[in-house]
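S.K.: Model the full assembly from the supplied sequences, consistent with the hints where possible.
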Amino acid sequence: LPEGLLDALCAVCLHMASCTRGLPKVTALIAAVAFRTGFAAMLRPSELLSLRRADVSLPHEACGIERISEIIVVLRSPKNKRFLAPLQFTTLDDHMAIKWLEWWCALIPPNALLFPINRHRLGAVMSHALGLLGLNGLNLSPRSLRAGGACVYFRRCG
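Oh and the sequence shown: position 70 is 70 in the working numbering, straight run, nothing missing.
Treat the hints with care, since some could be wrong.
[Claimed, not checked] List time: in silico SDA-like cross-link candidates among lysine to any residue, alpha-carbon distance up to 20 angstroms: (1) 99 to 15; (2) 99 to 11; (3) 25 to 11; (4) 25 to 124; (5) 99 to 72; (6) 99 to 42; (7) 25 to 14; (8) 25 to 123; (9) 25 to 15; (10) 25 to 106; (11) 25 to 108; (12) 99 to 14; (13) 99 to 74; (14) 25 to 105; (15) 99 to 52; (16) 25 to 112; (17) 99 to 26; (18) 25 to 116; (19) 99 to 110; (20) 99 to 58; (21) 99 to 113; (22) 99 to 57; (23) 25 to 103.
[What the hints assert, rightly or not] Have a look at the derived ranges for each label pair, beta carbon to beta carbon: (24) 46 to 153: 15 to 25 angstroms; (25) 154 to 106: 30 to 40 angstroms; (26) 25 to 52: 18 to 28 angstroms; (27) 52 to 120: 18 to 28 angstroms; (28) 20 to 91: 26 to 36 angstroms; (29) 138 to 87: 27 to 37 angstroms; (30) 59 to 156: 18 to 28 angstroms; (31) 58 to 138: 30 to 40 angstroms; (32) 26 to 157: 30 to 40 angstroms.
It should be emphasised that the hints constitute simulated quantities derived from the structure, not laboratory data. For each residue, glycine too, the CB sits at the ideal point set by N, CA and C.
M.R.: Dropping the structure here:
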């Protein structure tokens, strides 16, 4: 998933949210923030969708440290927990993802799921957004977020 396509997916989700009300509006907003977060933090769909608000440490919550430009995300059930550790973390330094997460986290209680949507619904929103972009044949899914984020990271950092 190229970064430009991620931007287009998120823009389409925001457009979908602006054109609807109720649950479809919330679902489109959840998808936009989840797509950006999953991509920037290189998360598997199961890791992304199991996050709780309390698993995200926002820059302004960092114990008196000013000017922090990263978010720390705790992974309580990573896929590779048997080989590495049962509790892991990742950092997220994408400025747009941080801003979106600061906004989103302000709306939900600490123990709530960060993205209260299931894997199939998230995939359906992605598929619908790709269809609106005329890109149905790309065979992308929420699993593509991790791979796309990793490719962008390695291109930038080597």
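S.K.: Next step is simple, just say for each hint if it's right about the structure.
M.R.: Verification of the hints:
no. : hint                           : in the structure
1   : 99 to 15                       : holds, 18 angstroms
2   : 99 to 11                       : holds, 15 angstroms
3   : 25 to 11                       : holds, 13 angstroms
4   : 25 to 124                      : holds, 14 angstroms
5   : 99 to 72                       : holds, 14 angstroms
6   : 99 to 42                       : holds, 17 angstroms
7   : 25 to 14                       : holds, 9 angstroms
8   : 25 to 123                      : holds, 16 angstroms
9   : 25 to 15                       : holds, 10 angstroms
10  : 25 to 106                      : holds, 18 angstroms
11  : 25 to 108                      : holds, 16 angstroms
12  : 99 to 14                       : holds, 15 angstroms
13  : 99 to 74                       : holds, 18 angstroms
14  : 25 to 105                      : holds, 17 angstroms
15  : 99 to 52                       : holds, 17 angstroms
16  : 25 to 112                      : holds, 19 angstroms
17  : 99 to 26                       : holds, 18 angstroms
18  : 25 to 116                      : holds, 13 angstroms
19  : 99 to 110                      : holds, 18 angstroms
20  : 99 to 58                       : holds, 10 angstroms
21  : 99 to 113                      : holds, 18 angstroms
22  : 99 to 57                       : holds, 13 angstroms
23  : 25 to 103                      : holds, 16 angstroms
24  : 46 to 153: 15 to 25 angstroms  : holds, 20 angstroms
25  : 154 to 106: 30 to 40 angstroms : holds, 32 angstroms
26  : 25 to 52: 18 to 28 angstroms   : holds, 22 angstroms
27  : 52 to 120: 18 to 28 angstroms  : holds, 20 angstroms
28  : 20 to 91: 26 to 36 angstroms   : holds, 34 angstroms
29  : 138 to 87: 27 to 37 angstroms  : holds, 35 angstroms
30  : 59 to 156: 18 to 28 angstroms  : holds, 20 angstroms
31  : 58 to 138: 30 to 40 angstroms  : holds, 33 angstroms
32  : 26 to 157: 30 to 40 angstroms  : holds, 35 angstroms
Going down the numbered hints, you'll see the structure goes against none, and every one checks out.
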